[in-house]
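*Asks:* Protein sequence lines correspond, in order, to chains A and B. If you count by this note's numbering, then the first sequence holds residues 11 to 202, one letter each, in order. If you count by this note's numbering, then the second sequence holds residues 11 to 202, one letter each, in order.
Heads up, a few of these hints could be off.
As the list makes no split between identical chains, a pair holds if one copy fits it or if it spans any two.
Said to hold, decoys possible - Below 25 Å or equal to it, Euclidean Cα-Cα: the simulated SDA-like pairs (lysine to any residue) are:
{"no.": "1", "residue 1": "K67", "residue 2": "A57"}
{"no.": "2", "residue 1": "K159", "residue 2": "L84"}
{"no.": "3", "residue 1": "K159", "residue 2": "T33"}
{"no.": "4", "residue 1": "K67", "residue 2": "F92"}
{"no.": "5", "residue 1": "K67", "residue 2": "A198"}
{"no.": "6", "residue 1": "K163", "residue 2": "Y70"}
{"no.": "7", "residue 1": "K67", "residue 2": "Q54"}
It is worth saying that the hints were derived from the structure and are not from the lab.
There are 2 protein chains.
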Amino acid sequence: MEFWFDFASTYSYLSVMRVDEMTVEAGVSVIWRPFLLGPIFASQGWAPSPFNLYPAKGAYMWADMTRLAAARGLPLVTPDPFPQNSLTAARVAIAVLDKPEGKAFCRAVYAAEFARGQSISDLEVLRTCLTEVGLAADYVAEAQNPEIKGRLKAQTEAAMDRQIFGAPSFTVENQLFWGDDRLEMAIAAASG
Amino acid sequence: MEFWFDFASTYSYLSVMRVDEMTVEAGVSVIWRPFLLGPIFASQGWAPSPFNLYPAKGAYMWADMTRLAAARGLPLVTPDPFPQNSLTAARVAIAVLDKPEGKAFCRAVYAAEFARGQSISDLEVLRTCLTEVGLAADYVAEAQNPEIKGRLKAQTEAAMDRQIFGAPSFTVENQLFWGDDRLEMAIAAASG
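Pulled out of the complex, with its shape left as it was, chain A reads as follows (with noise of 0.2 Å):
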């Protein structure tokens, strides 16, 4: 299973916060997919985001959010701005997701975000989100590598060719499953 992610992405810090633990439970092993929001939902015409551009959509999920977020004992604040610039966040995490600290520096980077409603495109919350998790504060500075930069704009255009308009996102084989509300049945699927 694959799990597409990007760090502006409200429902993603839902998922984030439960994928490891229901996968490693089920015996399913998830490959996990950073990729940018922003050139997907720019060449549909939802710049800058669909629950900007749609006021009553918009006040709908933070409602949703915010039931979903109490029921799991889950903080929650709205970053300002939001969304967030994830560009940084998204490279940081392709340059660590080898290292068996990189899906805590996820999970870092999520609670920093929308438990405490730190700013995700400033650098020192980055690094602070590193080493509060074991890994180099370095990793920030070796993000703008270009062989990293690279690897970020390839996972978001694989994302587009899998027909991924919105995250969290979930693919087994070449079935898609959108949204945190689909987790159960995409890990039911890899299972099966």
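Given the coordinates of chain A, assemble chain B onto it according to the supplied hints.
*Replies:* Chain B only, in chain A's frame:
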């Protein structure tokens, strides 16, 4: 709890087939409110349907519906054209929902459309849906009554006032729940 649905809406088919049984079991009373998504989508710039406007989203919706319908043992075909014109069906529903057979009529319309691929703008199809649940075929003619037309228009305006932007939606006092996958949460809120 109020249940807002459009006869053209795929995910409303899932809810209309289970909402009665689930709410009876939970001891929650539900008012069924057919309305028209067309004017709401048009006001957002989503004409004729977001699923046709955004092909990746449309392809995903049918894949998702196929999985969900299979899991629930519901037949599913794609109506031609999609979306269907749901205006007359909604007017007839307004005319009969105060009868004991009203909900069964709504289920019959969804079954004609999504289980058998019949056209729900065909008056003969609507007459058959009426008679098969024990209602007079004459309600199709009565649906052209200005008072019925006005009630559907008012109900669609009430949906807009409640910031409803899709179907099915459920409202419990001031809380809005969107999508068949939020039906359980809506029932929990109404029971609480």
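*Asks:* Which hints, by number, does the structure contradict?
*Replies:* 2 and 3
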